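Engineer: In case you want the letters, here they are:
There are 2 protein chains.
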Amino acid sequence: MGHTRINLSYMRSAEQYISEHIDTFQSEIFEFLRIPSISASPEYLHEMGEAATWLKGMMENSGLEAKIYKTPGNPIVLGESSKAGENAPTVLVYGHYDVQPPEPLDLWTSPPFEPEIRDGRLYARGSSDDKGQLYLHLKAAEAFLKGVGNLPINLIVLAEGEEEVGSPNLLPFVKKHSDQLACDIAVISDTGMMAPGLPSILCSLRGLAYFDIEVSGPSSDLHSGVYGGPVVNPALALAQILASLQDSKGKITIGNFYDDILDWSSQAKKQMKELPFNQQELERFIGAELCGGEKEFSVLERLWTRPTCEINGLNSGYTGTGAKTVLPSTAQAKISFRLVPDQTPQRIENLFRKHIEKVTPKGVQVTIKQLHGGMPWRAQLSDELKHAVNSALEKVFNKRAVIAGEGGSIPIVRDLETVLDSPVLLLGFSYPGCNLHAPDEWFPVESIENGIRTIAHLYHEISLMAKIC
Amino acid sequence: MGHTRINLSYMRSAEQYISEHIDTFQSEIFEFLRIPSISASPEYLHEMGEAATWLKGMMENSGLEAKIYKTPGNPIVLGESSKAGENAPTVLVYGHYDVQPPEPLDLWTSPPFEPEIRDGRLYARGSSDDKGQLYLHLKAAEAFLKGVGNLPINLIVLAEGEEEVGSPNLLPFVKKHSDQLACDIAVISDTGMMAPGLPSILCSLRGLAYFDIEVSGPSSDLHSGVYGGPVVNPALALAQILASLQDSKGKITIGNFYDDILDWSSQAKKQMKELPFNQQELERFIGAELCGGEKEFSVLERLWTRPTCEINGLNSGYTGTGAKTVLPSTAQAKISFRLVPDQTPQRIENLFRKHIEKVTPKGVQVTIKQLHGGMPWRAQLSDELKHAVNSALEKVFNKRAVIAGEGGSIPIVRDLETVLDSPVLLLGFSYPGCNLHAPDEWFPVESIENGIRTIAHLYHEISLMAKIC
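Line order of the protein sequences matches chains G and U.
To convert, take the position in the first sequence, counting from 1, and add 2; that gives this note's numbering.
To convert, take the position in the second sequence, counting from 1, and add 2; that gives this note's numbering.
One chain only, chain G, in its complex shape:
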């Protein structure tokens, strides 16, 4: 009983610290979001360095020891607090300080790197994905380290700057420093809640296989009148190739594409059917009918448990104002597949290449480049850990968490699980419709406080859990 009283007062101090500093937190997030840390474009190398340095400083402000590690790409920032002792559990937090390119810029209501609050939403590129959410962990730690005086767990915060370009340098780093990064649980806040006020634990992620393809024909652009007819048009050939990837029923037509997909348990399927999901609301938000993909699966299944083939970009010939009668020399597309367990990017690449070879018309050549890939994932949490997470969420939201899936990819999740040999918990605080990777990305202002408080409770619950063990 005495033990519980101490813990309560301990958490009360941490919570008090959080509510007293919430304005400071908000202005600090603004600072972080103002740095255009776009990893996809080589023009922003300085800004990547700036973001890493800002993050190191903020870790130190929060009471962590911090260090920047060089990599062949963007640096990795590592923050640590190991004063809880060898018997206390170690939590590793993974996040990323790089963001998606903000284009098309003209569709942003306010500029992507000038954060602005409107109607309870913090609008900025990276607000949800992932700078805003990574930041929450620093402040949960700070609430203990500065508000109480000590953190009940050992904490490692691992932040990379290349998540949006496939994390090419993270895994080598983690492997090299696996002793230093050893942990009992890895926590990632880079996802969202099923609905505002409804806390959610993610049980699955889709994988990714992303390709650049280029169709090339004539050695230079030609006049479409003078040469049109006997020349195979690369843009038309590209359209034919792309159209061949899916049939009218939404099935991907690449041979053996569906071979490796694992089924879900009937219990999991039942839980998914019971989730509060409103298709009309999603259609209103998206502004389009949800009639794509495999018709025999529910919308949530198509979003979470089924693979996809998307065209992410098209480019060929003249795309400016007015008419230019050009027969283009080349045509490019960006194509990506979302994968589900146990599909792998390697196998899908092989099948994709075979298909393209089969369907490419005479008179043009195709080159394919895999830009990045990531494995799909399903959560493997113990009952004890589930209990700790549920307790933390219930204390802040007064509601039992639901188990949800996620259509996006965080390729590093499965890799971290394997290399560190520890379970990974995905616990995010953005809301549906937060415009991830799109113009007007936002993060709920209320999730700043809710997120920091939940994470603080989680750290506490994990510390208790370990003591019980």
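Calculated from the structure, these hints are not laboratory results.
Certain hints may be false.
Same chains, same names: a pair is fine if it fits in one copy or spans any two.
Unchecked claim - When the alpha-carbon atoms are kept at most 27 Å apart in a straight line, the in silico BS3-like pairs for lysine-lysine are as follows:
1. K364 with K297
2. K251 with K356
3. K364 with K275
4. K253 with K275
5. K360 with K253
6. K388 with K271
7. K251 with K360
Please read all numbers here as calculations on a predicted model, not as lab measurements.
Please build the complex by placing chain U on the supplied structure of chain G, with the hints as guidance.
Structural biologist: The following block gives chain U in isolation, referenced to the frame of chain G:
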């Protein structure tokens, strides 16, 4: 006999003037080509005005009376010489001082608006199409007006600045000034010769129907992982729509598309087979196998007498460096059809719209905009006129001219023929492979002198022809 002697000495003086001034002519063409008179882009309005003013000045230098006429778009420049008297025939020369956009700029060996001579070729945007060739007519007139003292025909030079964007203001102008523009023959030098040294008269042009199409789905770009699956991808839908336009045999699959095509006489087909055409050479030049289009027609037939469907541009989603996992909100294509007699842009637009409506998948909307259209054309020259043209060509090239077709479009040709009720002669001096509408457009340096001399002889032959009548 005396009559012939006078004519010979008369032509000799004109020819002498041409050969004495060839260096001046070349530097004047350079001046003209340095003005970036790009009509497709609204950024170049000043340059369009500059080009029109330059042209007016050059007409006056050549001895013509010249005037600039405002239109709702770019101005029309009119040059005239009517001192040959009412009994002399009137030749109307039509040309255009606007050029195609030069993009992609990185594929030009020398900048598009900095003319440069390499290996007997004058490289610059507009050198062949059409500033370089329009200029030749001014100098042929000058050779008479300044070198001899009088021009044996009445001449009208009509130059517009909107040919590359569909000539929206030319026809209203011609209709309004039809009395002033009345002529016995219209001559256009905006085409090429079948081969270097082989003079050619064009007997056919293809028409054009050019469209912008946009497929729109979700109201904004979406994260391809979070939303991929039930959302119909507009880029994929566009690919499906474009792929549906042609079958594997190169046939356009739009219903009733081929209905209005007139056949050619067996004599015309025989002449076409006898033309000096080397498929391997064209394939080497283009850098691709000529295996597109309708297989049952010869390459020249596919180039000249059969319609086409080309994709001129594609644009959707992310087209920058690296990977962006976006599900694009819209996808655009520029599509154009080359038409042959008696297809019309209006009928083809209707058939195209019907087809698109039929093939558009559920979940996306398509909007179609016709950017411009032009009628296909076949020459209607009298035997007398053919004789005059052949005589002029033979005097310069020492070779009989061949009758050729042309895959490109000069939409105004058929309209001029109709409104002015006069035959149109297409007589051009560029060579195959001159990169019309493409990077590294060029005009043969030798065609400057050959062209001016041929045109001078043509004016003379036409004046004789009328006297005989």
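Engineer: All the hints need checking, so say for each whether the structure fits it.
Structural biologist: Hint check:
For a Cα distance limit of 27 Å, the shortest separation of K364 from K297 across copies, 13 Å, qualifies, whereas the shortest one inside one copy, 34 Å, does not. For the homomeric pair K251 and K356, the shortest alpha-carbon distances inside one copy (22 Å) and between copies (23 Å) are both at most 27 Å. Taking CA atoms no more than 27 Å apart as the test, K364 paired with K275 passes between copies only; the shortest distance there is 25 Å, against 47 Å inside one copy. Taking the shortest Cα distances, K253 and K275 sit within 27 Å of each other inside one copy (22 Å), while across copies they are farther apart (48 Å).
Taking the closest pair of Cα atoms, K360 and K253 come within 27 Å of each other both inside a single copy (18 Å) and across two copies (21 Å). In the homo-oligomer, the alpha carbons of K388 and K271 lie at most 27 Å apart inside one protomer (19 Å), although the nearest pairing across protomers, at 81 Å, exceeds that limit. In this assembly of identical chains, the alpha carbons of K251 and K360 lie at most 27 Å apart whether taken from the same copy (21 Å) or from different copies (17 Å).
Violation of the numbered hints given earlier is absent; every hint is satisfied by the structure.
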